[in-house]
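> Single-letter residue listing:
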Amino acid sequence: MIKINFTINHFSDALHLADDHGLTDAEIEAMKQARYDKWKDFVDNPPPVVDEPIEE
Amino acid sequence: MPNRFWTTLGTTGGTGNWSDTQNWSTSSGGAAGASVPGILDSARYDGASGTGTATLDISPTVQSLSFAPTTSFAGTFAFGTNTVTLNSTGTIFVGSTSMTVTGTPQVILTETVPSATARTISPGVVTEANSISFRITGSTGALTLGTGSYLNLDFTDGTNPTGYGGALGGNTPTVYGDFKASTNMTQTPVGNAIIFSGAVVGTRNIISAGVIFDRPFTFNSTATVATDVVFRLLDALTSGATRTCTLTAGTLDLNDNFLTIGIFSSSNANARTLAFFNTGAIYLTSASATADVTVFNTSNSTNFTVTGTSKQVILYGAPTSFVRSVLTGLVSSGGTQANAVNVGFSMVQTL
Numbered sequence: 294m295i296k297i298n299f300t301i302n303h304f305s306d307a308l309h310l311a312d313d314h315g316l317t318d319a320e321i322e323a324m325k326q327a328r329y330d331k332w333k334d335f336v337d338n339p340p341p342v343v344d345e346p347i348e349e
Numbered sequence: 013m014p015n016r017f018w019t020t021l022g023t024t025g026g027t028g029n030w031s032d033t034q035n036w037s038t039s040s041g042g043a044a045g046a047s048v049p050g051i052l053d054s055a056r057y058d059g060a061s062g063t064g065t066a067t068l069d070i071s072p073t074v075q076s077l078s079f080a081p082t083t084s085f086a087g088t089f090a091f092g093t094n095t096v097t098l099n100s101t102g103t104i105f106v107g108s109t110s111m112t113v114t115g116t117p118q119v120i121l122t123e124t125v126p127s128a129t130a131r132t133i134s135p136g137v138v139t140e141a142n143s144i145s146f147r148i149t150g151s152t153g154a155l156t157l158g159t160g161s162y163l164n165l166d167f168t169d170g171t172n173p174t175g176y177g178g179a180l181g182g183n184t185p186t187v188y189g190d191f192k193a194s195t196n197m198t199q200t201p202v203g204n205a206i207i208f209s210g211a212v213v214g215t216r217n218i219i220s221a222g223v224i225f226d227r228p229f230t231f232n233s234t235a236t237v238a239t240d241v242v243f244r245l246l247d248a249l250t251s252g253a254t255r256t257c258t259l260t261a262g263t264l265d266l267n268d269n270f271l272t273i274g275i276f277s278s279s280n281a282n283a284r285t286l287a288f289f290n291t292g293a294i295y296l297t298s299a300s301a302t303a304d305v306t307v308f309n310t311s312n313s314t315n316f317t318v319t320g321t322s323k324q325v326i327l328y329g330a331p332t333s334f335v336r337s338v339l340t341g342l343v344s345s346g347g348t349q350a351n352a353v354n355v356g357f358s359m360v361q362t363l
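These protein sequence lines are chains A and B, in that order. All you need for the numbering used here is the position in the first sequence, starting with 1, plus 293. All you need for the numbering used here is the position in the second sequence, starting with 1, plus 12.
Don't read these hints as lab results, they were simulated from the structure. There may be inaccurate statements among the hints.
Restricting the straight-line Cα-Cα distance to at most 20 Å, the calculated cross-link-like pairs of lysine to any residue (SDA-like) are [unchecked claim]: (1) A:K296 to B:N196; (2) A:K331 to B:T200; (3) A:K333 to B:D169; (4) A:K331 to B:V223; (5) A:K296 to B:V223; (6) A:K333 to B:V223; (7) A:K296 to A:E322; (8) A:K325 to B:T230; (9) A:K331 to B:I326; (10) A:K333 to B:G356; (11) B:K323 to A:T300; (12) A:K325 to B:N196; (13) B:K323 to A:F299; (14) A:K296 to B:P201; (15) B:K323 to A:N298; (16) A:K296 to B:G170; (17) A:K296 to B:A330; (18) A:K325 to B:N172; (19) B:K323 to A:N302; (20) A:K333 to B:N172.
Values in this document were obtained by computation on a predicted structure and should not be read as measured data.
With the hints as constraints, model all of the structure from the sequences given.
As structure tokens, then:
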């Protein structure tokens with residue numbers, strides 16, 4: 294696995310890709326942005342929390 | 013599916029190899045000589061399987077594996093370097109709290125024909141030394157991790173960051189090793205924590221792969237020198253505003269990553285280290301609309317150390333008229349200038 298650290302607007306994260314991922318630089322940049330966008334949307338628009346019932 | 017029971021009535025007396033028909037019966041405590049369990053069979057070890065050593069001399073694929081179908085196995089299961097692959101659905105693994113595990117124990121969950129049918133793992137609450145690693149790959153059905161002990165949990169296919177594509181459910185797994193999410197899985201919101209623990213000195217790596225793990229997290233080293241157990245984030249870990257991250261003991265190494273959660277709590281006298289490095293930060297999103305809330309609590313900072321250069325704790329979240337408190341350690345309870353954190357506020361929802 295290849296680890297790629299990145300920071301977008303102070304948000305620090307990392308991608309873990311297969312050694313032979315075959316992705317272009319543009320595709321990797323898009324993945325970084327998608328990570329940030331997903332996180333940003335979650336903290337700005339948290340979904341209503343309905344915990345699943347616990348079954349053991 | 014046919015059952016195959018490990019038996020003591022063969023020539024081996026119950027100490028032998030998986031691949032030997034002298035160890036298998038069609039019934040619990042029955043006569044030996046049944047075929048070795050294969051892809052259509054359920055392999056079972058129970059109280060009638062003796063207290064010998066069952067050696068995994070091959071890497072078989074079976075429907076399911078149970079060490080406590082009705083009564084519990086009390087012998088030793090020696091994995092060596094082999095693995096057991098389980099290709100069915102439903103409750104496909106049941107552990108025994110009476111057995112001993114040796115080798116490099118790994119059970120792989122996959123399906124010959126991937127389905128959306130749910131699967132459950134019930135390892136039981138066993139010791140760190142007897143815990144087993146699970147790799148879950150393929151399929152899109154819900155997965156329930158029963159409350160109990162796990163060594164490594166790997167949701168990838170072992171090569172790529174993708175793998176298991178379903179929704180991970182609840183209960184309270186205790187993970188003694190590494191945790192590696194797949195990029196295509198999800199976490200069903202749940203109030204039960206994932207507990208990262210362990211007494212074996214070393215680093216536990218945690219990859220959340222961009223999955224929102226909307227549940228609490230607890231980090232609790234039980235090593236003699238607690239901070240010699242390091243829980244290291246290898247990417248950002250994100251949970252929800254109603255969840256708490258508790259650092260009970262040990263080293264939580266953000267490793268330059270963001271930890272996003274509602275509340276961070278580490279207020280006790282255990283040895284603890286919170287390592288930020290250069291760009292790591294804790295992003296706290298709890299903002300109750302009904303009561304005051306302490307979002308960061310290290311009020312008892314005895315034996316608590318903060319390292320790194322960023323030391324950023326950022327308060328964020330929905331506007332509320334209630335108070336969000338940050339309780340750092342007083343000098344009288346272990347607080348020092350070196351261990352102080354930088355607290356920032358970002359009430360405007362941009363970053």
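> Indicate, hint by hint, whether the structure satisfies it.
Okay, the hints, checked on the actual structure:
1. A:K296 to B:N196: Answer holds: K296 of chain A to N196 of chain B is near 18 Å, not above 20 Å.
2. A:K331 to B:T200: holds, 16 Å
3. A:K333 to B:D169: violated, 28 Å
4. A:K331 to B:V223: Holds, because 9 Å separates the two Cα atoms, which is no more than 20 Å.
5. A:K296 to B:V223: holds, 16 Å
6. A:K333 to B:V223: holds, 13 Å
7. A:K296 to A:E322: holds, 14 Å
8. A:K325 to B:T230: Measuring from Cα to Cα gives roughly 27 Å; hence the hint is violated.
9. A:K331 to B:I326: Distance of about 19 Å is within 20 Å: holds.
10. A:K333 to B:G356: holds, 17 Å
11. B:K323 to A:T300: Given that 20 Å is the threshold and the Cα spacing comes to 16 Å, the pair holds.
12. A:K325 to B:N196: It holds: about 16 Å lies between the C-alpha atoms, which stays within 20 Å.
13. B:K323 to A:F299: Holds. K323 of chain B to F299 of chain A sits at ~18 Å (cutoff 20 Å).
14. A:K296 to B:P201: Not OK: K296 of chain A and P201 of chain B at ~28 Å, beyond 20 Å, violated.
15. B:K323 to A:N298: holds, 18 Å
16. A:K296 to B:G170: Since the Cα atoms of K296 of chain A and G170 of chain B sit roughly 15 Å apart, the hinted pair holds (cutoff 20 Å).
17. A:K296 to B:A330: Judged against 20 Å, a Cα distance of about 33 Å means the pair is violated.
18. A:K325 to B:N172: With a Cα-Cα distance of about 17 Å, the restraint between K325 of chain A and N172 of chain B holds, given a limit of 20 Å.
19. B:K323 to A:N302: holds, 17 Å
20. A:K333 to B:N172: Roughly 25 Å between the alpha carbons, so the hint for K333 of chain A and N172 of chain B is violated.
Checked against the numbered hints given earlier, this structure breaks hints 3, 8, 14, 17 and 20; the rest are met.
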